[in-house]
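K.L.:
In order, the protein sequence lines correspond to chains A and B.
Here the numbering used here = 1-based position in the first sequence + 19.
Here the numbering used here = 1-based position in the second sequence + 24.
By construction, these hints were calculated from the structure, which means they are not laboratory data.
Please note that a few of the clues may not be correct.
[Claimed, not checked] In silico negatives: residues of chain B with every beta carbon more than 10 Å from chain A: (1) Ala62; (2) Arg75; (3) Gln85; (4) Ser98; (5) Glu176; (6) Gly191; (7) Phe298; (8) Gly299.
[Unchecked claim] Lysine to any residue pairs mimicking SDA-like chemistry, simulated, CA-CA at most 25 Å apart: (9) A:Lys64 to A:Asn110; (10) A:Lys90 to A:Thr109; (11) A:Lys64 to B:Lys112; (12) B:Lys33 to A:Ala67; (13) A:Lys64 to B:Pro117; (14) A:Lys81 to B:Gly95; (15) A:Lys90 to B:Phe103; (16) B:Lys74 to B:Glu277; (17) B:Lys112 to A:Lys111; (18) B:Lys112 to A:Asp82; (19) B:Lys112 to A:Ile47; (20) A:Lys81 to B:Ala88; (21) B:Lys112 to A:Val85; (22) B:Lys112 to A:Ser101; (23) B:Lys232 to B:Asn254; (24) A:Lys81 to B:Val108; (25) B:Lys74 to B:Ala148; (26) A:Lys64 to B:Cys94; (27) A:Lys64 to B:Arg99; (28) A:Lys90 to B:Leu115; (29) A:Lys90 to B:Lys74; (30) A:Lys90 to B:Gly163; (31) B:Lys112 to A:Ile58; (32) A:Lys64 to B:Glu96; (33) A:Lys64 to B:Val108; (34) A:Lys64 to B:Glu277; (35) B:Lys232 to B:Arg173; (36) A:Lys64 to B:Gly193; (37) A:Lys64 to B:Val114; (38) B:Lys33 to B:Asn182; (39) A:Lys81 to B:Asn111; (40) A:Lys90 to B:Arg110.
Even glycine gets a Cβ: it sits at the ideal position worked out from N, Cα and C.
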Amino acid sequence: MRIAFSAKKSGSELQMDERFARADWFLIYDTENEAFEEIDNTSIKNAAQGAGIQAAELLIRKDVNVVVTGKCGPKALDALRSVDIPVHSTNKQRVYDALNELLLAYGEK
Amino acid sequence: MTVAIASGKGGTGKTLLAVNLSYVSTGELQLLDCDVEAPNTHLFLPLQNKRTEPVHRMIPQIDASLCTLCGECSRFCAFHALAVLRNKVVLFPELCHSCGGCNRVCRLGAVGETTEPIGEIIYAETPYCCHVQGFLQVGTAIVPPLIHRVTEYIQSENHTIIDASPGTGCAAMAALSPADFVVLAAEPTPFGLHDMRRLVLCLRELNKPFSVVVNRAVNTNDVITEFCRNEDIPILARIPDDRRITDCCAVGEITAQHLPEYHEMFLGIYSQLFGGAQ
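Chain A with its partners taken away, still in its complex shape (with noise of 0.2 Å):
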């Protein structure tokens, strides 16, 4: 399972980003080898408009199959939908709570 997570990072921890398609970054944890792939939304997230449609493109160009984030846009909820990768809304603050919240809940932990 390949789990998208909208981030920022301040310092050495991985601080998640509650916005979903201005975030600065977008982490991709893979439960198979367990390690995160880091994707710069630097263009997108900067883009005047149509950010949220095209940073789900880019999640589903990058086959994953969950997204988290805190808020996430109507349009960018439409085209995820549309492939049926759910949008988990999570209020935890660093990316590795947030990917245990998302582990219990999927009863993979």
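For chain A, the structure is supplied; the task is to place chain B on it using the hints.
P.N.:
Okay, now just chain B, sitting in the frame of chain A:
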């Protein structure tokens, strides 16, 4: 001659001006209400012989049997209205600006065109002017195609007044683009000045000649007058801060008709814009 009445901020008296100028015009005048998100000139005018025209706009339609998911249409779209999502191309119509580019760039002919309704135009006669008014359908995000259709009613041999949308967005620009001259309705408050300055920048960019009508004017040293003096912008008229004008608007009455002392003021504005009574 086409004159658009515009404002940076809403509620500064565009419709008051548009309706009263229409009332004092004695000749052939057309009033186009291009504030299609909140049209309101009909509240002041007795409309006769109404005709309704539905308005549609073009949007792409993908033929999945021809599409190879190459993504050419999605990359071309400046507004990201088309997205290639795994095994299909998805259209987000609220982002589509109907440019037709996706149709042109698709080499396989998989992007066809269809239409969707965006609103209607009501054409009517009044004792003072012909009246054309656009009504945007609730939920429609893309406004300019409807405004363009309203402004197609302009007949160059006649005088036309456009009641534009407030602000400096696409809707306001669409309503101002066919104008030969623009009148800025401005309110002498800090907020009124702030928003008027933005519109002044746009009008200069568009090379549109314009002048200002100060509405709810109390005296001649307000912020709008000072700004116009410094920027060399002519002030066409000052409409006094008279509670009775507000009362007229609130009940849908034409000020120049119900408060005869203002008839001359509106006629003066009309003459300055269109060059004397017809």
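K.L.:
All the hints need checking, so say for each whether the structure fits it.
P.N.:
To see whether the hints hold, each was checked on the structure:
1. Ala62: 23 Å, holds
2. Arg75: It holds; arginine 75 of chain B is separated from chain A by about 36 Å at its closest Cβ, greater than 10 Å.
3. Gln85: Per Cβ check, glutamine 85 of chain B is outside 10 Å of chain A; nearest 17 Å; holds.
4. Ser98: The claim is violated: serine 98 of chain B sits with its nearest Cβ about 8 Å from chain A, within 10 Å.
5. Glu176: 28 Å, holds
6. Gly191: 17 Å, holds
7. Phe298: Given a closest Cβ separation of 40 Å, the condition holds.
8. Gly299: 42 Å, holds
9. A:Lys64 to A:Asn110: Holds, at about 21 Å.
10. A:Lys90 to A:Thr109: Satisfied, since the Cα-Cα distance of roughly 8 Å is no more than 25 Å.
11. A:Lys64 to B:Lys112: 24 Å, holds
12. B:Lys33 to A:Ala67: 23 Å, holds
13. A:Lys64 to B:Pro117: Roughly 21 Å between the alpha carbons, so the hint for lysine 64 of chain A and proline 117 of chain B holds.
14. A:Lys81 to B:Gly95: Cα-Cα ~16 Å, so holds.
15. A:Lys90 to B:Phe103: With a Cα-Cα distance of about 22 Å, the restraint between lysine 90 of chain A and phenylalanine 103 of chain B holds, given a limit of 25 Å.
16. B:Lys74 to B:Glu277: At roughly 20 Å apart (the allowed maximum being 25 Å), glutamate 277 of chain B and lysine 74 of chain B satisfy the hint.
17. B:Lys112 to A:Lys111: 33 Å, violated
18. B:Lys112 to A:Asp82: 15 Å, holds
19. B:Lys112 to A:Ile47: 23 Å, holds
20. A:Lys81 to B:Ala88: 23 Å, holds
21. B:Lys112 to A:Val85: Holds, because 19 Å separates the two Cα atoms, which is no more than 25 Å.
22. B:Lys112 to A:Ser101: Roughly 9 Å separates the two Cα atoms, so the pair holds.
23. B:Lys232 to B:Asn254: Holds, at about 19 Å.
24. A:Lys81 to B:Val108: Cα-Cα ~13 Å, so holds.
25. B:Lys74 to B:Ala148: 4 Å, holds
26. A:Lys64 to B:Cys94: Status holds; Cα separation ~24 Å.
27. A:Lys64 to B:Arg99: 17 Å, holds
28. A:Lys90 to B:Leu115: 22 Å, holds
29. A:Lys90 to B:Lys74: 47 Å, violated
30. A:Lys90 to B:Gly163: Holds: lysine 90 of chain A and glycine 163 of chain B sit about 23 Å apart, inside 25 Å.
31. B:Lys112 to A:Ile58: Roughly 24 Å between the alpha carbons, so the hint for lysine 112 of chain B and isoleucine 58 of chain A holds.
32. A:Lys64 to B:Glu96: Roughly 22 Å separates the two Cα atoms, so the pair holds.
33. A:Lys64 to B:Val108: 19 Å, holds
34. A:Lys64 to B:Glu277: Violated, because 50 Å separates the two Cα atoms, which is more than 25 Å.
35. B:Lys232 to B:Arg173: Judged against 25 Å, a Cα distance of about 21 Å means the pair holds.
36. A:Lys64 to B:Gly193: 22 Å, holds
37. A:Lys64 to B:Val114: Holds, at roughly 21 Å.
38. B:Lys33 to B:Asn182: Violated: lysine 33 of chain B and asparagine 182 of chain B sit about 29 Å apart, past 25 Å.
39. A:Lys81 to B:Asn111: 14 Å, holds
40. A:Lys90 to B:Arg110: 23 Å, holds
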